[in-house]
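**Student:** Sequence:
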Amino acid sequence: MIAGQSSRGSDEWLERAEQIPGLDIRVGIANCGSEDEYMSAVKIFYDTIAGKAEEIEDHYDSGNLEYFTIKVHALKSAARLIGAVVISDIARNLEEAGKSGDLEFIKAETPHLLTLFRELKDDLDKLYHDTENVTETGRAIGDDLISKAYEELLGYTERMDYDGMENIMDNLEKFDLPAKEQERYEALKVAWLEMDYPQMISLLKGE
Numbered sequence: 010m011i012a013g014q015s016s017r018g019s020d021e022w023l024e025r026a027e028q029i030p031g032l033d034i035r036v037g038i039a040n041c042g043s044e045d046e047y048m049s050a051v052k053i054f055y056d057t058i059a060g061k062a063e064e065i066e067d068h069y070d071s072g073n074l075e076y077f078t079i080k081v082h083a084l085k086s087a088a089r090l091i092g093a094v095v096i097s098d099i100a101r102n103l104e105e106a107g108k109s110g111d112l113e114f115i116k117a118e119t120p121h122l123l124t125l126f127r128e129l130k131d132d133l134d135k136l137y138h139d140t141e142n143v144t145e146t147g148r149a150i151g152d153d154l155i156s157k158a159y160e161e162l163l164g165y166t167e168r169m170d171y172d173g174m175e176n177i178m179d180n181l182e183k184f185d186l187p188a189k190e191q192e193r194y195e196a197l198k199v200a201w202l203e204m205d206y207p208q209m210i211s212l213l214k215g216e
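In case it helps, our numbering puts the sequence shown at residues 10 to 216.
The hints are simulated quantities; they were obtained by calculation from the structure and are not laboratory data.
These numbers were taken from a predicted model, which means no experiment stands behind them.
Don't be surprised by glycine CBs; every beta carbon is placed ideally from N, CA and C.
A portion of the hints provided could be inaccurate.
Computed beta-carbon distance windows for the label pairs [unchecked claim]:
#, residue 1, residue 2, range
1, TYR171, SER71, 38 to 46 Å
2, SER86, ALA117, 40 to 48 Å
3, ALA117, LYS214, 37 to 45 Å
4, HIS121, SER71, 13 to 21 Å
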């Protein structure tokens with residue numbers, strides 16, 4: 010097991026995560042800076058898998074190479090952060106293929122990427138089902154993960170994706186945000202409850 014685990018619940022979560030194929034938690038923890046930050050990053054990643062997979066598949070099916078390339082670039086970065094190294098590498102190769110117009114490679118590798126992506130979701134489904142109460146309230150969340158969460162939330166809000174917005178807002182509720190973010194987050198909650206999506210977009214853009 011990994012040294013420095015802070016609680017019995019975190020120990021259990023990390024032990025189970027360590028068994029997931031394609032997820033190198035040592036790499037992920039090193040990328041995130043701590044075990045708590047890593048657990049937060051995986052939860053955000055998990056909450057957005059279904060939407061990301063659907064977007065990549067939709068742009069692949071429609072032949073929209075520009076947006077396909079943008080989406081696999083985002084996946085490359087998010088997967089690398091949590092230690093999903095193989096998925097990140099395939100996404101990087103697909104990004105390069107998108108930039109160079111290598112349609113044969115994209116046709117060959119996109120189904121493979123989506124299969125691995127959805128298999129990871131299934132494994133994370135089991136992880137969160139088996140450790141249902143491990144990641145509840147009270148853990149700190151760092152600036153990098155707040156920025157990532159807000160970036161995801163902005164995308165969902167601009168697309169009027171209610172389920173995506175709800176996932177991110179519910180996830181943020183579980184953490185102790187830094188004092189400097191409290192005012193914006195409280196304003197976001199009010200705008201969210203009032204379904205004032207233009208105000209949410211303005212807050213997320215820092216306007």
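**Student:** Give me the numbers of the hints this structure contradicts, sorted from smallest to largest.
**Tutor:** 1 and 2
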